[in-house]
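Enquirer: Protein chains in written order, with the working numbering: chain A, 9 to 316; chain B, 295 to 520.
Source of the hints: derived by calculation from the structure; they are not laboratory data.
It is possible that part of the hints are untrue.
The calculated DSSO-like cross-link candidates involving lysine-lysine, where the alpha carbons are at most 30 Å apart (straight line), are [to be verified]:
#, chain 1, residue 1, chain 2, residue 2
1, B, 300, B, 430
2, A, 76, A, 15
3, B, 430, A, 234
4, A, 15, B, 364
5, B, 388, B, 362
6, A, 234, B, 475
7, B, 367, A, 15
8, B, 374, A, 234
9, B, 491, A, 15
10, B, 300, B, 322
11, A, 15, B, 430
12, B, 475, B, 388
13, A, 96, A, 15
14, B, 388, A, 234
15, A, 15, B, 388
16, B, 340, B, 517
17, A, 234, B, 517
18, B, 300, B, 491
19, A, 154, A, 64
20, A, 96, A, 141
21, B, 340, B, 499
22, B, 491, A, 234
23, B, 491, B, 476
24, B, 430, B, 517
25, B, 424, B, 367
26, A, 15, B, 424
27, A, 112, A, 66
28, A, 234, B, 499
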Amino acid sequence: MLWTSIKRVIRGGVVNFYRDGFVSLASVFIMTVTLFVMGGMVFLSATLSASLEDIKNKVDVNVYFLTKASEVEVRAVQSALRTLPEVKEVEYISRETALENFRKRHENDELTLQALNELPDNPLRAVLTVRAKEPSQYEGIAAFLKNDNALSSGSKSIIDEVNYYDNKDAIDRLTRIIRATERLGFALAIILIIISISIAFNTIRLIIYISREEIGVMRLVGASNKYIRGPFIISGILYGISSAFLTLALFFPLTYYLGDSTEAFFSGLNLFRYYLAHFGEFFLIITGSGIVLGSISSFLAVRRYLNV
Amino acid sequence: MISFDKVSKIYSDNSAALDGVSLTIQPKEFVSIVGNSGAGKTTLLKLILAEEYPTSGNVLFDSMDVHKLKRRKLYQYRRKIGAIFQDFRLLPNKTAFENIAFAMEMAGRSEDEIAADVPYVLEMVDLGNKMWNFPKELSGGEKQRVAIARAIVNQPDLIIADEPTGNLDPVNTREIVQILKKIHDLGTTVILTTHNKGVIDSLGKRVVTLERGRVIRDDPHGKYVL
């Protein structure tokens, strides 16, 4: 009996879905917009975090050592820095490498090279390039380098200069911008999603409003609430699934079209490849949201007309 | 079977649609309720269907107070009644067959019963050839016959017909009345409201006359007198 009822409810919902062709189509389109906004937000946050990540990676702090500091001593500082939890990586550039880089940079500049050759010794300092996990952590790292006595040879520090203090303003400002962008993006996403959900919800309500007399007739014929509500919920789920598939299909040409330009603009994030790589997650999020939105909207909308 | 005990119904604007109506309808009776527009005929039927609640008094169906039923349980009570309306009230998205099948599904009938009974009742109202038509493809008389088929298919104890011929021409009216008579002859209680003098006079059954919410005449073999 239960199975028969379920079968009848499902059949009722499917039949209503295709017989109400035009109305179904309209609500599928509206829900597609909603799901499109949701999916778009996922893309937006991926792009945003990829470009923020990229900007963060461009920030680093250079530690310059005195020319008399030996490689062993510098290597010791490097491993000390690596033990810090805030540090992502530490790159060592020896004096020789620094000189080589310098020569390469100035290979067309005879004058400079000549001047360099005049010098009795390599004037360039060894450098450690430190990358933190978060830009806000540079301050701590700089303080560590300043204070820690373990880094000095004898009583004298081997560190000549830490360029953090020169870059402090820029790093601080960048940190603030990154935080603000993240917060703004999140708020914007929430607002857009709320707006589009309420549009979809109201569309379904409108559709059920059209059917309010039908609901009254069903009540008078002796239909139980479950039996009246069931087919509407099934139709709602079908709206959700159809619009989810439509949305997922639309993302293919769109991300393909945008893929190359986003790759150039947002530091290597190709939206099309991102979409393909995360298709499973997109499928679950979009289809799941569609089903939940469709069924809950129908459930709530029918409830209003059941008290006949 | 049905009894009204000093039932009054006052709508919000303080006009009494029914005013202290007491009335008893026996099983297997055929009762016509007549009166001018606004006399309270439809309100009376809505009270039986528990679509409306009385301001005072009780409506009993087989000694059960229909307005004390929980809203969630009302559908079980409504399955005992077949209702026919002036505006047909068919489900527009369902064919004639499906409209009737829907009522049977609600009553928990099996697919086999539905497949056997629906064509049978449609044949009974002479619509065997329009089984798969949607309401919009049927004439007024045909729609009303589908509605009647839907009302009787579950063999209810009571048929309520609220001006079933109000929208129909004389030929269709006569046919509908014949069908209602046939249903009554098979042992179902019928309550009919109508404006149509010809219908009442041709029936020769009990007639209750309402005026401004009161019963002013109750005649066992009545004529239409206003």
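Enquirer: Next step is simple, just say for each hint if it's right about the structure.
Expert: Consistency of the hints with the structure:
1. Taking the CA atoms of residue 300/B and residue 430/B, the gap is near 42 Å; set against the 30 Å cutoff, the hint is violated.
2. Of the pairs offered as hints, the one joining residue 76/A and residue 15/A is violated, with about 85 Å between alpha carbons and a cut-off of 30 Å exceeded.
3. Between residue 430/B and residue 234/A the alpha-carbon distance is near 27 Å, which keeps this suggested pair within the 30 Å criterion.
4. Proposed proximity of residue 15/A and residue 364/B is supported: the alpha carbons are some 27 Å apart, at most 30 Å.
5. With a CA separation close to 33 Å, the supplied pair residue 388/B and residue 362/B exceeds the 30 Å bound.
6. Of the pairs offered as hints, the one joining residue 234/A and residue 475/B is violated, with about 35 Å between alpha carbons and a cut-off of 30 Å exceeded.
7. With a CA separation close to 23 Å, the supplied pair residue 367/B and residue 15/A stays within the 30 Å bound.
8. Taking the CA atoms of residue 374/B and residue 234/A, the gap is about 19 Å. The hint holds against a cut of 30 Å.
9. As the CA atoms of residue 491/B and residue 15/A are separated by approximately 47 Å, the hinted pair breaks the 30 Å bound.
10. With a C-alpha separation of about 23 Å, the suggested pairing of residue 300/B with residue 322/B holds against the 30 Å cut-off.
11. At most 30 Å may separate the alpha-carbon atoms for a hinted pair to count; residue 15/A and residue 430/B meet this at roughly 27 Å.
12. The hinted pair formed by residue 475/B and residue 388/B meets the criterion: a straight-line CA distance of about 28 Å does not exceed 30 Å.
13. Of the pairs offered as hints, the one joining residue 96/A and residue 15/A is violated, with about 58 Å between alpha carbons and a cut-off of 30 Å exceeded.
14. Only pairs whose Cα atoms come within 30 Å are accepted, and residue 388/B paired with residue 234/A is accepted, the gap being roughly 19 Å.
15. For a cut-off of 30 Å, the pair hint linking residue 15/A to residue 388/B stands: about 17 Å separates their Cα positions.
16. Note on residue 340/B and residue 517/B: the hinted pairing holds, with a Cα-Cα distance of about 24 Å set against a maximum of 30 Å.
17. Between residue 234/A and residue 517/B, the direct Cα distance comes to roughly 45 Å. Violation of the 30 Å bound is thereby established for this hinted pair.
18. Taking the CA atoms of residue 300/B and residue 491/B, the gap is about 28 Å. The hint holds against a cut of 30 Å.
19. At most 30 Å may separate the alpha-carbon atoms for a hinted pair to count; residue 154/A and residue 64/A meet this at roughly 23 Å.
20. About 5 Å separates the Cα atoms of residue 96/A and residue 141/A, which keeps this hinted pair within 30 Å; it holds.
21. Of the supplied pair hints, the one linking residue 340/B and residue 499/B holds, its CA atoms being roughly 22 Å apart against a limit of 30 Å.
22. Annotation: proposed proximity of residue 491/B to residue 234/A is violated, straight-line Cα distance about 42 Å (limit 30 Å).
23. Only pairs whose Cα atoms come within 30 Å are accepted, and residue 491/B paired with residue 476/B is accepted, the gap being roughly 20 Å.
24. Distance restraint check for residue 430/B and residue 517/B: the Cα-Cα separation of roughly 36 Å exceeds the 30 Å cut-off, and the hinted pair is therefore not satisfied.
25. Restraint check: the Cα-Cα separation between residue 424/B and residue 367/B comes to about 34 Å, which exceeds 30 Å; the hinted pair is violated.
26. At most 30 Å may separate the alpha-carbon atoms for a hinted pair to count; residue 15/A and residue 424/B meet this at roughly 26 Å.
27. With a C-alpha separation of about 22 Å, the suggested pairing of residue 112/A with residue 66/A holds against the 30 Å cut-off.
28. At most 30 Å may separate the alpha-carbon atoms for a hinted pair to count; residue 234/A and residue 499/B exceed this at roughly 40 Å.
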